[in-house]
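Asker: Given next are the chains, with one letter for each unit.
Number of protein chains: 4
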Amino acid sequence: MCGIFGVRGHPDAAAVTQLGLYSLQHRGQESAGIAALDVAGQPHAVKRMGLVSEGLLEDEAELLRGGALAIGHTRYSTAGSSTLENAQPVLARSRGGHIALAHNGNLTNATELRFELEEAGAIFQSTMDSEAIVHRIARSNARTPEARVAEALQGVEGAYCLLIVIGETLVAARDPRGWRPLVMGDLNGAVVFASESCALDIVGARYVRDVEPGEVVAVDAEGVRSAFPLPRLESRKCVFEHVYFARPDSRIFGGSVDRARRALGRQLARECPAPGADLVFSVPDSSNSAALGYAEEAGISYELALIRNHYVGRTFIQPSQGDRDSKVRVKYNAVREVLEGRSVVMVDDSIVRGTTTRGLVAMVRAAGAREVHMRVSSAPITGPCYYGIDTPNREELIAANLSLEEIAREIGVDTLGYLSLDGMLASVPTGPEGFCHACFSGDYPTPPPTDPDKLRFGCGC
Amino acid sequence: MCGIFGVRGHPDAAAVTQLGLYSLQHRGQESAGIAALDVAGQPHAVKRMGLVSEGLLEDEAELLRGGALAIGHTRYSTAGSSTLENAQPVLARSRGGHIALAHNGNLTNATELRFELEEAGAIFQSTMDSEAIVHRIARSNARTPEARVAEALQGVEGAYCLLIVIGETLVAARDPRGWRPLVMGDLNGAVVFASESCALDIVGARYVRDVEPGEVVAVDAEGVRSAFPLPRLESRKCVFEHVYFARPDSRIFGGSVDRARRALGRQLARECPAPGADLVFSVPDSSNSAALGYAEEAGISYELALIRNHYVGRTFIQPSQGDRDSKVRVKYNAVREVLEGRSVVMVDDSIVRGTTTRGLVAMVRAAGAREVHMRVSSAPITGPCYYGIDTPNREELIAANLSLEEIAREIGVDTLGYLSLDGMLASVPTGPEGFCHACFSGDYPTPPPTDPDKLRFGCGC
Amino acid sequence: MCGIFGVRGHPDAAAVTQLGLYSLQHRGQESAGIAALDVAGQPHAVKRMGLVSEGLLEDEAELLRGGALAIGHTRYSTAGSSTLENAQPVLARSRGGHIALAHNGNLTNATELRFELEEAGAIFQSTMDSEAIVHRIARSNARTPEARVAEALQGVEGAYCLLIVIGETLVAARDPRGWRPLVMGDLNGAVVFASESCALDIVGARYVRDVEPGEVVAVDAEGVRSAFPLPRLESRKCVFEHVYFARPDSRIFGGSVDRARRALGRQLARECPAPGADLVFSVPDSSNSAALGYAEEAGISYELALIRNHYVGRTFIQPSQGDRDSKVRVKYNAVREVLEGRSVVMVDDSIVRGTTTRGLVAMVRAAGAREVHMRVSSAPITGPCYYGIDTPNREELIAANLSLEEIAREIGVDTLGYLSLDGMLASVPTGPEGFCHACFSGDYPTPPPTDPDKLRFGCGC
Amino acid sequence: MCGIFGVRGHPDAAAVTQLGLYSLQHRGQESAGIAALDVAGQPHAVKRMGLVSEGLLEDEAELLRGGALAIGHTRYSTAGSSTLENAQPVLARSRGGHIALAHNGNLTNATELRFELEEAGAIFQSTMDSEAIVHRIARSNARTPEARVAEALQGVEGAYCLLIVIGETLVAARDPRGWRPLVMGDLNGAVVFASESCALDIVGARYVRDVEPGEVVAVDAEGVRSAFPLPRLESRKCVFEHVYFARPDSRIFGGSVDRARRALGRQLARECPAPGADLVFSVPDSSNSAALGYAEEAGISYELALIRNHYVGRTFIQPSQGDRDSKVRVKYNAVREVLEGRSVVMVDDSIVRGTTTRGLVAMVRAAGAREVHMRVSSAPITGPCYYGIDTPNREELIAANLSLEEIAREIGVDTLGYLSLDGMLASVPTGPEGFCHACFSGDYPTPPPTDPDKLRFGCGC
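If you're matching them up, the sequences are chains L, B, H and U in order. So the first sequence is numbered by our numbering: it starts at 832 and just counts up by one. So the second sequence is numbered by our numbering: it starts at 832 and just counts up by one. So the third sequence is numbered by our numbering: it starts at 832 and just counts up by one. So the fourth sequence is numbered by our numbering: it starts at 832 and just counts up by one.
Hints may contain errors.
[Said to hold, decoys possible] Each computed DSS-like pair below joins lysine-lysine, with the alpha-carbon atoms no more than 30 Å apart:
| id | chain 1 | residue 1 | chain 2 | residue 2 |
| --- | --- | --- | --- | --- |
| 1 | H | Lys1162 | U | Lys1162 |
| 2 | U | Lys1162 | H | Lys1158 |
| 3 | U | Lys1158 | H | Lys1162 |
| 4 | B | Lys1162 | L | Lys1158 |
| 5 | B | Lys1158 | L | Lys1162 |
| 6 | B | Lys1162 | L | Lys1162 |
[What the hints assert, rightly or not] To be clear about the criterion: a stretch of chain B counts as covered by chain U if any three or more of its residues have a C-beta under 8 Å from a C-beta of chain U, and this derived list gives those stretches:
| id | stretch |
| --- | --- |
| 7 | 848-858 |
| 8 | 950-959 |
| 9 | 965-972 |
To be clear, the hints were calculated from the coordinates, so they are not data collected in a lab. Glycine included, each C-beta is placed from N, C-alpha and C at the ideal position.
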């Protein structure tokens, strides 16, 4: 997954973009980058592995100062393709001058697009599917930047939110299904785009509206132009953004993430009550809202039973006699005074492989919990996501392989309850329609990527 | 403030110590270090600026592998003395061989101790008061390591929890007032010491007991020896550890931090109700328990109205047209859907200068809150701490300079309520007796440090 | 300028390449890189700014271990384009699989090639002209790797020595003029290519022959194939390689650089004697051989009057009251005991802008030299190089703007003598024919690059 | 070995010191450091592993800007003690304020001094003998800085050149034997001290005089004061400084290093001729002068047969099938055209273990030399140095264990000649008297260090 941010018309666009990326760090921690026009209108890109807060290279960042147009990107770590050459934005020079592009999402016909371009002689310098879009824009003969983008996107399938700099124009585009969120804001007259509204808040911008599925928006000195040049398709907004991925202080797809999660928790309490439980707690932080909703609806008291350590980096030296669950213990700790002798409801937003959950349950039991009732504020994940979420293969998805009872046994809980698919969709503020729930339901709106080796190429999100 | 950790008798003591320091990172983020004996019994120290998770230098860490005795330290950033030479543990070689020392706390007669040592010809290579203790141990002629420590501590005033390696003996010491916490645990037969019990949890050790005020504990191949060689004084455990500093999943001073904070919140609701308020929320994460207690006692619903960004590093590039509150916005964001149109109670554990609070209140109002009622789960801070907490000068303490009404106006709230001193002390699980509340009450159990320039020398905590 | 190295058939090709690059460091210190096939035949590239000896990133270098095919590159620092994206080798993936390319030289129709490719939709991710060659190879439909290279090079004008990996084939190519050197060697059966023979020596390889101008050599599992598919043109080997650029322990263009420089010095003594001079010394290290030749021929004693500091890095902090010549003083120092009261001949291989020479002359005079007779072992440089040497614009070339007398006055010498063009060419071991002397004579074998902005794009060498 | 530099009275003393250290880099490449007073008179020290040119940490260096008093140090890499805590200058605070010290040399009674101090309660935070001197200065009750230094040095035995900052006074001291060089210069009124005169040249200072053996010089606002408070002993200047260690552009001990080496070479030609040899060459760069002297005296032509690669860093990845001599090949290469078929004289300044020499001889033979006659411009090294040169144990010194014939066979030469002890001493410009030649003659002017473990503690030089 990735986060994208762009601004046009601000006197320090690159610095605004860097600030915006701070709020999109949860969408990708592997690498961060900014492409911007300098005061002379020349394009530059700076990228680095790691967090935005670790600092973009100072000398290079200096280059970006003072220009009015910038886009930025945070990229998620996916195994094997974690190299600087796969960091975004992509910056290329072509016939029409420079093209810089930041992409959130995953294309489903990337292999075909790549094959077609390679047949036409194109070379690829990264393993990102996003690079194919840059090639297609470069090859377009359309007259305006937005028309070139629109032409390039014909035949591109899958999930994409794009921010593209062509010349002095900033173009935003969202695929017709609208899998990933993209909002538009106003910062004292400058136009801002971001994956989530929390990035508007941090820079002090006002939310204006969502970029719509299938929409292409162009911003230049003459103003903002919108068009819908892509095929109209039924929308398939990713419900997992509401369940887990987005920040609770964001509005996405027209609704509040916090309110969605609260409703998910309440619905979960209705569907899967835990009569006789003494307390409810969340696996912090992404499940806090849902757990609070559950507690509220169930009339059981909400407690803080797990503490999360936010200082944990990406690696730590494990003692040579380390036990199996030390990885979980580095990140979480249980509060014995809350748990001891109690029958507890543990609310999490999802279970993927089940290993972390098992470690947490063991920790909760070791802290004295008498009974552990696991409640999950989404439906069981039974399939991979082809549209940008980094879920593992079906073989590793616990709910794709085990029954409810087997999962409960595997993770060591007394009872286990998942939210139903319908209950999950009904909880979203904007109603059950228009969401993608393929990883829960198997109802994939596209064929799977044809090439099983596709993932070898990494992805653009 | 600092965190300390030590272990003796584990086959990979340095790695256990590094793991333990992860859980003490909240006590100090400026620098981290480990001193350990290698497999051959030779002492080494590795230190670095920054977080434990950024990794101790690999080549040097390798030196520490496989030895059975190690101590570690995390140090808080205090302005001006933030250099590697002030990182701990201190490792020195002297007549009796090596001495390694890690210190949490602040000495109140550091200037006198230093003067006395300098008169006797001692040289100081750091600005830490801890170095004076090392000198005094080196000069002691006592026969055993613990007797040398005991002799060295005669006449040392102020706050200290110490972990000291002398030869192959690990000595733990706590000052007679017991300002700072120090717990003792057992890890499969190895003896572990840590500032807080959460560090026992992360390494999988079992809590055994607190090191008592005035106690000196020695651990060597022959076992554990305890003595009380220091003057007996009335205990003065730091109540601010319960209010703010310690982690909620820790037990310190014999009581649960989480339970203390919950009780503080409930007492706050009784003392300073907010009739008519629609909801209660906390300034995350340190105030979560107190806010929950307030909500519970007041019967007002608990909400998640502020989201904290945990990816923020120590520096960020501010846009050149940045506004005053952007520093607050990088760290926090408000959830409009929760706040809009509501009368809200915002619970924080303390107000120091008031600048962050003012920024948060502005953010909460901008998100639509109709009324903001600030409730603080401690008494007003009216004086500095001489015992290890990094509070600013009296001039910068808002409650030392303004009346309640003036503070309310300054931070922009409709009403403001602090917990009373008595209410605060009564809320601690182990009862109101034996706590230091000098920064709240002015009741300093020692004279202030004689030398006003003392702070120039930094501190050992 | 750049250095290139490649090997096929060695069980640790990347390590051999890294070792070879040590010997080509004088050809480029800005960046270094290696592209190699791993044991599984997958291509990887690692690059870094700075010297080979500063170490390629360890984790990444590990990837390259154990493969049989690798190419490497060292790149010279030219102002403005000094970024990692311009480091080589270029690694791209295309229809035919991967293409990795390392280039020494400069194309003269880079703008046209780029325009043509951009018109056909190509995108460029660097400012190197080398990237155009990669595109052209990718677009070729020829059947064999060497045929694809040959086809791609039709119409490519200017200077290039190329090492290219296509699949498991290593292709070496040299432009028809043969501006830059390229030698071929044998390392226990593995085939090695390098810019200079000194890189064969360091890896223990035996010199086999030069790659000829216009030759394309392919090496794969079946052996070595040679072809001459490019237009036959009169050769134009760069005489400045002999004068200054190559290492004296190298053989290039079939002759010894050391012997060439010795002959240049002797011829210089014949053409520009310095009767009455007490001693001869060189500006170390590139002029040592020439100065020795001069001394020998003139019968004047050879002395070591200037000492060069080899520990100087790329930057140093200049004292705020620094004088004009401190940059020269950081790199050189004069030996007073040698110079005091003497009439001296100072031999250098060339004068470009004259600023360093002026500083050196001042230093030599300050050390007591009575008379300074400057002798230059090449002809005056009056024009830029379009073929890979990083000479400045004509405006900055002292000999393009001042007469001999004016130069002597400007640099502060008593007499000044340059070698004649004919004398220079006659001194080269392989005779005066077939050399490029455009920067000395203005006799450019190609039109200048059409686009004056061309240098904006940097170069591939 | 180490290099030291200091300046008092310059408006940017730290920057001048950094520049001076560039010229003393050959005396130590392990670590570099500067201690300086800032504009407010506060002392700071910045240190780093590696070269001066790699840059002292920028933020910290900024601290040092603008003060008038600074000292600096470059330290040689000796196995096992290569850590930042052993970098110099040492900066300590004591009764009299701060003391900063930079030391070149090695104490012979370091163990006793340390024992005595430890008995008196001192603690040591490094393994450098220099730290003992700081302790002794701190303990002195004398009134002036120079008197404190003088008192501290009573009873200190062995080799030391010291630059010491006490308050605002800069003190320079040289041991009574005068083993190591120390010069004094003038930079527009500022007083400068440096190990060698080449460091005066780089900063543009004028050489004034040597600091004399046994002299203590104090520089403060009132001027320069000199005293000879130490016991008068016969001088024992290190002859190896002339032979190898110092830079040829330096004057040390009142004489020119270049002239000394030239005379050593001439004397070597007289003592050990090589009749019938075709040419003479040096092992660059330290033997260049001696080889030139040999050639001159012998009437044999001087050639450049070995080329040294100055870009080699401290580590390189050796190919897995690397041969024994690849370490030599990374640093040197032979010029076949010079050597092929010739009978050659190879001049080096010394042979320590013999391994490098053996590799060089093999390289020279592989390049075609018919006969190799090795000539060494010093006497055989048969014992360790206790006074600051990092020679290995006697067991590793080839000339301490093998006869002349055995050495010749071991290193693979046809004939081998060393300079005689008398010839060596007679060649020094200032005459044969007053030099230490203990490592050549066994005539140690002091007892060896009593504690065989002494070297465990590393050294101050």
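Asker: Please go over all the hints and tell whether each is borne out by the structure.
Answerer: Consistency of the hints with the structure:
{"no.": "1", "hint": "Lys1162(H) x Lys1162(U)", "verdict": "holds, 20 Å"}
{"no.": "2", "hint": "Lys1162(U) x Lys1158(H)", "verdict": "holds, 26 Å"}
{"no.": "3", "hint": "Lys1158(U) x Lys1162(H)", "verdict": "holds, 27 Å"}
{"no.": "4", "hint": "Lys1162(B) x Lys1158(L)", "verdict": "holds, 27 Å"}
{"no.": "5", "hint": "Lys1158(B) x Lys1162(L)", "verdict": "holds, 26 Å"}
{"no.": "6", "hint": "Lys1162(B) x Lys1162(L)", "verdict": "holds, 20 Å"}
{"no.": "7", "hint": "848-858", "verdict": "violated (count 0)"}
{"no.": "8", "hint": "950-959", "verdict": "holds (count 8)"}
{"no.": "9", "hint": "965-972", "verdict": "holds (count 4)"}
Going through the hint list in order, the structure does not satisfy hint 7, though it satisfies all others.
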